[in-house]
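Engineer: If you want the building blocks of each chain, they are given just below.
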Amino acid sequence: MMNKRTPIQSVILYSLVLALVIFCVFPFLQILSTSLKHPIDWGNPSLIPRVLHLDAYKELLGLMPAKEIEVPASIQRLLDNPALSEEKKQMLLAKFSSGGDVFPFGRYMLNTFVISFITGICSTFLASLAAYAIARLRFPAQSLMANGVLFVYMVGGVLLMVPLYQMSVNVGLASSAGGTILSLFLIYLIQTLPVAMYMLGNYFRTIPFSLEEAAMMDGCSRVEAFWRIIMPLSKPMLFTVFIYCFVIAWNEYLFASVFLKQYQDFQTLPLALQTLFTSKNAIWDRIMAASMLTLLPVVICFMLANKHLSGGLTDGGVKG
Amino acid sequence: MSSILVKNEAQLGLKLVAPAVGIIGLLVIYPILFNIYLSFFDVQLNGSKTFVGLDNYTDLLGNPRYYHSVGVSIVYLIGTVVGTTVLGLAASILMNQEFRFRNLARGLILLPYFAPVISVVFGWQFIFDPVNGIYNHVVVDVLHLTNERENLIGNPDSALFVVILFDIWKHFPIAYLLFLAKLQSVPKDLYEAAAIDGQNAWGRFWHVTLPELRFVIATVVLLRIIWNLNRFEDVYLLAPNVETLPIFTYYQAFAGIVDQGGAAAISVIQLLVLVGLIWLYVRKVLKW
Numbered sequence: 231m232m233n234k235r236t237p238i239q240s241v242i243l244y245s246l247v248l249a250l251v252i253f254c255v256f257p258f259l260q261i262l263s264t265s266l267k268h269p270i271d272w273g274n275p276s277l278i279p280r281v282l283h284l285d286a287y288k289e290l291l292g293l294m295p296a297k298e299i300e301v302p303a304s305i306q307r308l309l310d311n312p313a314l315s316e317e318k319k320q321m322l323l324a325k326f327s328s329g330g331d332v333f334p335f336g337r338y339m340l341n342t343f344v345i346s347f348i349t350g351i352c353s354t355f356l357a358s359l360a361a362y363a364i365a366r367l368r369f370p371a372q373s374l375m376a377n378g379v380l381f382v383y384m385v386g387g388v389l390l391m392v393p394l395y396q397m398s399v400n401v402g403l404a405s406s407a408g409g410t411i412l413s414l415f416l417i418y419l420i421q422t423l424p425v426a427m428y429m430l431g432n433y434f435r436t437i438p439f440s441l442e443e444a445a446m447m448d449g450c451s452r453v454e455a456f457w458r459i460i461m462p463l464s465k466p467m468l469f470t471v472f473i474y475c476f477v478i479a480w481n482e483y484l485f486a487s488v489f490l491k492q493y494q495d496f497q498t499l500p501l502a503l504q505t506l507f508t509s510k511n512a513i514w515d516r517i518m519a520a521s522m523l524t525l526l527p528v529v530i531c532f533m534l535a536n537k538h539l540s541g542g543l544t545d546g547g548v549k550g
Numbered sequence: 003m004s005s006i007l008v009k010n011e012a013q014l015g016l017k018l019v020a021p022a023v024g025i026i027g028l029l030v031i032y033p034i035l036f037n038i039y040l041s042f043f044d045v046q047l048n049g050s051k052t053f054v055g056l057d058n059y060t061d062l063l064g065n066p067r068y069y070h071s072v073g074v075s076i077v078y079l080i081g082t083v084v085g086t087t088v089l090g091l092a093a094s095i096l097m098n099q100e101f102r103f104r105n106l107a108r109g110l111i112l113l114p115y116f117a118p119v120i121s122v123v124f125g126w127q128f129i130f131d132p133v134n135g136i137y138n139h140v141v142v143d144v145l146h147l148t149n150e151r152e153n154l155i156g157n158p159d160s161a162l163f164v165v166i167l168f169d170i171w172k173h174f175p176i177a178y179l180l181f182l183a184k185l186q187s188v189p190k191d192l193y194e195a196a197a198i199d200g201q202n203a204w205g206r207f208w209h210v211t212l213p214e215l216r217f218v219i220a221t222v223v224l225l226r227i228i229w230n231l232n233r234f235e236d237v238y239l240l241a242p243n244v245e246t247l248p249i250f251t252y253y254q255a256f257a258g259i260v261d262q263g264g265a266a267a268i269s270v271i272q273l274l275v276l277v278g279l280i281w282l283y284v285r286k287v288l289k290w
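Read top to bottom, the protein sequences are chains R and W. Under our numbering, the residue at position 192 of the first sequence is numbered 422, and the numbers go up by one with no gaps. Under our numbering, the residue at position 166 of the second sequence is numbered 168, and the numbers go up by one with no gaps.
Treat the hints as calculated values from the structure; they're not laboratory data. Treat the hints with caution; some may be incorrect.
To be verified - With a straight-line Cα cutoff of 16 Å, these simulated EDC-like cross-link-like pairs (lysine to aspartate or glutamate) come out: (1) LYS190(W) <-> GLU100(W); (2) LYS184(W) <-> GLU214(W); (3) LYS17(W) <-> GLU454(R); (4) LYS51(W) <-> ASP261(W); (5) LYS190(W) <-> GLU214(W); (6) LYS234(R) <-> GLU100(W); (7) LYS234(R) <-> GLU194(W).
Small disclaimer: the values here were computed from a predicted structure and weren't measured.
Next up, chain R with everything else stripped away, as it sits in the complex (with noise of 0.2 Å):
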């Protein structure tokens, strides 16, 4: 330990450290290859494609260029027939040239975006608020909350899909596209307030509260104390939260599969994705071409925010 290592304890240590990394990598790098594979090459083991295949990428970020229509000879004699009038022609086009296999990559994620942002967003704000009175005021049944918020992030999803639903079924929210995602905003938000709330009233205890004082003597009030003194000197974390929040409702699976399954527009990525699996199109390039493009965005915050995100997670106890 504090000592220097012998050569063979280096050895042991490294091997060691690599074998930990790869058994935590490899399932992306198995991704990332495949996703870059021509399908003819799914079968080789080996992680580095024998060329390089694009298409999958291409297609789902809509940079292939159109096909070509193709009409049978049959057809095409008919349309050339002049008695047929324009609009059946056009018809008879349409179902050569139909979008079905198209998959509309960018709209799912268009969505998923904003949707986790709001979440985001709404989420930090409320939880600021709340964290800061329980983290510093004092007021009835505090220490209530404080515990309850706690119990709260302990239940899960599933112990409230059917309450939820049929709440939602019950004020009439689930029968329009708009009252769907407005239930799943507000899922989300109950989904990511415990944690922001826990990992932010944590945090402002460790803001010496003289520092409040001191405003409040140059005759700032309460609130603009909290709004001048302790939000900017949160922003490290308050970001971390935003991040933390976001991610976990860019990933939400159940809820969206409980609530968007009839509103194929308004579908989130891990929706679509699954759907995707499960239909014909299921191409393993592609799915997995757009499982990387569904991750990238989670690994870039990841990067953004891990400096302050492995103190953050532990201190709010951590949820999952």
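Position chain W relative to chain R; hints supplied.
Structural biologist: Relative to the frame of chain R, chain W by itself:
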């Protein structure tokens, strides 16, 4: 402090917590109670209900599929809780050593935890794919352990173990983080004293590390049980044929013959178990 100030502070406090607590009350506390209410009804997807008394519960207790899913859940819980705890502990001890590229390694280890289940699940499916997967390639073609390629995820019995392995991979980073945070606070002189007493590495682990980590280990075990009891997505997305309790509940509520009242009854029973565990956590773990 004057009483007016105290009163003002209390008012401000209540105002600040009101939105968050209101939402939590409306969407967590109320649904829990509503769920108990629903468990006494025959409930349809469109919201219509008929009172059936205790029928949902008696049906459930006479349903062999329920006991089967309880059994699957228990195996799943034991496997994942032991696995994440042991691997998390080993990883934290390893990462507490000084070595080059340590920060990089620490970052990479956290990746499985943050990755969306939906994207990593397909990577794992591919690894175990009977035709293209690396697992069958290694077992059959390289090591010649069996002659036939197997579809491990297709068979519910072996899929359970793939799911357990997957969840250990996905969730050990959290255990690792909690252990690492505690390890860094263990005083160095404890190890020095043990070394002077002639303890080797194993003895230092046994007599210093383990006792120091005792409470964190208990915390991790209890938290893992609580969270894995509710775990849905990992299992359902990787291997929907592995019927743990949450999966069984989901099928009851939203697939095939919809029986939302029955699903509510399962959740009520599961909630009782959960409340017991949380009580244990608040009582024991938070006191440490």
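Engineer: Hint by hint, say whether it matches the structure.
Structural biologist: Hint check results:
no.	hint	in the structure
1	LYS190(W) <-> GLU100(W)	holds (14 Å)
2	LYS184(W) <-> GLU214(W)	holds (8 Å)
3	LYS17(W) <-> GLU454(R)	holds (15 Å)
4	LYS51(W) <-> ASP261(W)	holds (11 Å)
5	LYS190(W) <-> GLU214(W)	holds (12 Å)
6	LYS234(R) <-> GLU100(W)	holds (11 Å)
7	LYS234(R) <-> GLU194(W)	holds (14 Å)
Hint compliance for this structure: no hint is broken.
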